[in-house]
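Trainee: Given the coordinates of chain A, assemble chains B and C onto it according to the supplied hints.
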Amino acid sequence: MHIEIDEISKIFGATAALHPVSLAIPSGALVALLGPSGSGKTTLLRILGGLEYPSAGRVLFDGADATALTVQERRAGFVFQSYALFRHMTVFENIAYGLRARPRATRPPKAEITRRVTRLLDMIQLPDIGARYPSQLSGGQRQRVALARALAIEPRMMLLDEPFGALDAKVRKELRQGLRDIHDTTGLTTVFVTHDQEEAMELADLVVVMSMGRIEQVGKPQDIRARPATPFVKEFITA
Amino acid sequence: MARPLIHRSPMPGLGLSLGITMTMLSLIVLLPIGALLLKGAHFGLAGIWETVNRERVWAALYLSFRLSLFAAMFNLVFGVILAWVLVRYRFPGRRIMDAAVDLPFALPTAVAGIALTALYAPNGAFGQLAAEVGWRIAYTQWGILIALIFVGLPFVTRTVQPVIEEIEREVEEASATLGASRLHTIRHVILPMLTPAALTGFALALARAVGEYGSVIFIAGNIPMLTEIAPLLIVIRLEEFNYDAAAAIGIAMLLISFAMLLVINLIQIWSRRRIGHV
Amino acid sequence: MSDAALTRFRPATEETAFARRTLILSAVLGLGILVFAPLIVVFVEALRDGALAAVQSLGNPDAAAAIRLTLTIAAISVPLNAAFGIAAAWFITKFDFRGKAFLITLIDLPFSVSPVVAGLCIVLMFGANTALGGWLVAQGYPIVFALPGIILATMFVTFPFVARELIPVMIEQGRAEEEAALTLGAGGWRTFWTVTLPNIRWALMYGVLLCNARAMGEFGAVAVVSGKIRGQTATMPTTIEMLYQEYLAVAAFSLAAVLTLLALVTLLLKTALEVRHADQLAATHGR
Chain A
1 MHIEIDEISK
11 IFGATAALHP
21 VSLAIPSGAL
31 VALLGPSGSG
41 KTTLLRILGG
51 LEYPSAGRVL
61 FDGADATALT
71 VQERRAGFVF
81 QSYALFRHMT
91 VFENIAYGLR
101 ARPRATRPPK
111 AEITRRVTRL
121 LDMIQLPDIG
131 ARYPSQLSGG
141 QRQRVALARA
151 LAIEPRMMLL
161 DEPFGALDAK
171 VRKELRQGLR
181 DIHDTTGLTT
191 VFVTHDQEEA
201 MELADLVVVM
211 SMGRIEQVGK
221 PQDIRARPAT
231 PFVKEFITA
Chain B
1 MARPLIHRSP
11 MPGLGLSLGI
21 TMTMLSLIVL
31 LPIGALLLKG
41 AHFGLAGIWE
51 TVNRERVWAA
61 LYLSFRLSLF
71 AAMFNLVFGV
81 ILAWVLVRYR
91 FPGRRIMDAA
101 VDLPFALPTA
111 VAGIALTALY
121 APNGAFGQLA
131 AEVGWRIAYT
141 QWGILIALIF
151 VGLPFVTRTV
161 QPVIEEIERE
171 VEEASATLGA
181 SRLHTIRHVI
191 LPMLTPAALT
201 GFALALARAV
211 GEYGSVIFIA
221 GNIPMLTEIA
231 PLLIVIRLEE
241 FNYDAAAAIG
251 IAMLLISFAM
261 LLVINLIQIW
271 SRRRIGHV
Chain C
1 MSDAALTRFR
11 PATEETAFAR
21 RTLILSAVLG
31 LGILVFAPLI
41 VVFVEALRDG
51 ALAAVQSLGN
61 PDAAAAIRLT
71 LTIAAISVPL
81 NAAFGIAAAW
91 FITKFDFRGK
101 AFLITLIDLP
111 FSVSPVVAGL
121 CIVLMFGANT
131 ALGGWLVAQG
141 YPIVFALPGI
151 ILATMFVTFP
161 FVARELIPVM
171 IEQGRAEEEA
181 ALTLGAGGWR
191 TFWTVTLPNI
201 RWALMYGVLL
211 CNARAMGEFG
221 AVAVVSGKIR
231 GQTATMPTTI
241 EMLYQEYLAV
251 AAFSLAAVLT
261 LLALVTLLLK
271 TALEVRHADQ
281 LAATHGR
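Taken in sequence, the protein lines are chains A, B and C.
First residue of the first sequence: 1, per this note's numbering; consecutive thereafter.
First residue of the second sequence: 1, per this note's numbering; consecutive thereafter.
First residue of the third sequence: 1, per this note's numbering; consecutive thereafter.
Calculated from the structure, these hints are not laboratory results.
None of the hints are false.
Taking CB as the label site, the calculated pair distances span:
1) A:Ala229 x C:Ala17: 38 to 48 Å
2) B:Gln141 x C:Arg201: 44 to 54 Å
3) C:Leu268 x B:Leu191: 26 to 36 Å
4) A:Gly13 x B:Glu168: 14 to 24 Å
5) C:Leu268 x B:Arg272: 27 to 37 Å
6) A:Pro103 x C:Asp279: 40 to 50 Å
7) A:Gln125 x C:Arg20: 42 to 52 Å
Listing some non-contacts, in silico: residues in chain B with all C-beta distances to chain A over 10 Å:
8) Ser9
9) Met11
10) Gly13
11) Gly34
12) Asn53
13) Leu61
14) Leu63
15) Pro92
16) Ala99
17) Ala131
18) Phe241
19) Asn265
Here a beta-carbon is modelled for each residue, glycine too, at the ideal position from N, C-alpha and C.
Chain A extracted, bound-state conformation:
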C-alpha cells in the first residue's frame, strides 16, 4: 500500500512536535523514521496509525484521503514500544484478539481463527507458547507476540514504535533479522521508528532522518551515508 504524507503538522499546546512535513512511502517498502528523542518521529507514526490527529495536512493511503479514518478503520498493525500485550490473556488470546473483536458479520469462524493463530505462532518461531501469559515470557518473546498480534488482523501496513528499544544487544540482532524476514514474507509496507542509526541503516530500504519536527533527509541508507544533506545528518550518521 502506497502511503503519502501531505504537509502534516502537529502542535501540542504551544510546541510544534511536527512542522509541516511531506513524505511519499512506496508500496511494500521497509522505512525507518530515524532521529533523536523530540524529533517528532513517534508523533508522525501515531498520526499514520490514527492515534493522533494532525493539526493540519492529509494522509493518503493508495491515493485516497485517509485522514478522517478512525483507528479501527485504518487496519494498521501497530507494535508499541512497550508491546502493550494484554496481561490477563494468554498468548493465543492476544493474537486472536483482533479477529475476535470483529463484528459478527466479518468475524471468521473459530476453527479459522485457531488456524491463523497457529500459523502466526509458527511464523514468529514460537509454536509452543500459546497457553502462556505475557508475564511468563522474555522480552524478545513478547516483542514477537506483539508482532504476531498485529499481523493477525491482515493489516494494510505495519507501524512499529522502537520495536527493539527495550531489548539487550544480542536479542536485538536476532529480532532485526526476524523483522526483515517477516517484511519480505508479507510484502507489507512497514514503517518503524528508531533512534539507533545502525539499526535504521542495516534494516531499512528507505531512511527518513528527522530532527526537531522536520525531515532532514530521505533516501536509501548508502545514499545518506555518502551524501548527507544537512549538518545535522552529517553529525547524526556516524557509521
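Mentor: Okay, now just chains B and C, sitting in the frame of chain A:
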C-alpha cells in the same frame, strides 16, 4: 539449620517493640476473641447449634447476609463507575466528590443511621417522593439495603481507583488498532484488569455490611423475622443477660466474617498468580 | 483538513461524549443521593428550630456529659493505639522473622469483626459474672458498664488503624537510615526520635486522624459494653440514639451535627495530607 524464629539483628528495640506488640495484641484483641470462643466451647457445639438453629436466628442471619450481598453488588457496579469517573474525567467538583467518597468511613454510624432515617421516613425528603409511588423505604428491608449501601460505598471505589490509574494507555490504544470498538475494549480489556481489585472491594463491602449495626437499627424497624438484623439479635440477648445465646450467635457471625476474610485472601492470591500483580 | 473530520476524531482511549456525560451524571447523582443528602439532612434537622435552639441543646447536662466522655475516650484510646501502631510497625518492619503475614492478619482482625461482636467479646471477658470480671468489680475496678470497658471496646475496633498506615510506609523507607544512625553512634531511642519519627510523621498523623474519627464515632461496640448510663457511660453516639428515641430530634441532630463537623474536618485534613504528602502515605499506594 532451620531458619530461626527471629533473626538476630543490631537494630535496637526488639524486646520493647515485641513486648508492646504482643501484649497489646493479646489484651485488646486476642483474649477477648478467645473469651468468646471459650464461651462457645463451654456451651458446646450442640448447644450453639441448638441456639442458632431457631427460626428467628436463621431469619436474622439470612436477612443480614442477603441484604449485605445485594448492597455489595450495587456497590460493585456503582463503585467501578465512580472510580472510573473520578480517575479518567475532569469536571468541576471532582475533587469534592473524591473526598466525599470517604464520608461513610469518617461519619459515625449512629449519625448515618438517624440521617438516613430522616431522609427516607414517610415524612422525609426522599420518603415523601417514594410514598407518591406507593413505595415505603424506611422501616422496611429497603431501608436496611440503603443503609448497607451507604456503609459499603467507599470500598470498591477505593480499591479500584489505583488500578485504573495504572492502566497503560497503550494497551487501550493497542486494542483499538486491532479493530476493537471502544465498548469491546472496555468489556474485554479494561474490565478484566479491574476484576481482582473490584472483587476485593466487593468482599470488603460485604464483610462490613454483615456486621453493621449503628447505621441500620434506626431505619430498620427491627421487627423479628422481618427486619431484624443479626447484630441486633445479639444485643437483645445480651440485654436479657442470655450470654450463652449471644455468644452462640456471635460465634456464628465470627465464622461468617472469617470465611469472607479467607475469600478475600484467596482472590488476591489467584489474581497475583494470573496477572503478576493485583 | 475538514472541520467535520476534526470533530469526528476521538482518541482511542476515550469514550463518546454521550457515554462520558452519562457516566458523570450517574456518578454525581448517585453520590448526591447516597452521600450528600444524608450529610445535608443532619444540619437541616439540627437547625429546624433555629441555630440558637441547636446550640442550647448542646448545653443540656446529658449532651455535655456525653461530649466530655467521648473526648476522654478519644484522648486515652487514640494515643494508646498510636503507641501500639508504632511499636508493631517497628517490630514488623525492622526485623526479620517467620510469621509476619500471620501477625499482620491478626492485627487486621478487628476490621472483619462486627462491632457488636467486639463488644460482646469484652463483656464475655470482663463482665461482672465472669471470674476475671467479678474479681475486678470486687476490687473496685469494674470494666463493663464503666469507662475502662468503653476504652477497651473502642481500642478493639480502632486497633489496626495506625499500624496499617505505618507498616507499608516504613517498609518502603527501609532500614538504611536507621542503620546509618547506629553506625554513627546513635542509641536506639535517639535513632527513633531523630531519624524514624520525622520520616513517618505524616503517615502517623494520617493514621491517628482515622483512628480518632472512628474512636469518637464508635457506636455498636460501645452500646453493648457501656450500659449507656445517662451522664456516666453515655458517649456522644449512644446519647444521639437516646435523644432520638425520646423524640428529641433537634437535640439528637445537633449532637450529630457536631460529630458530622468532626467527620468533615477529618476528611479535609485527610485530603490535605494526601495532596501534600502523597509520597509518604500508605493510603496513596493502594488502599
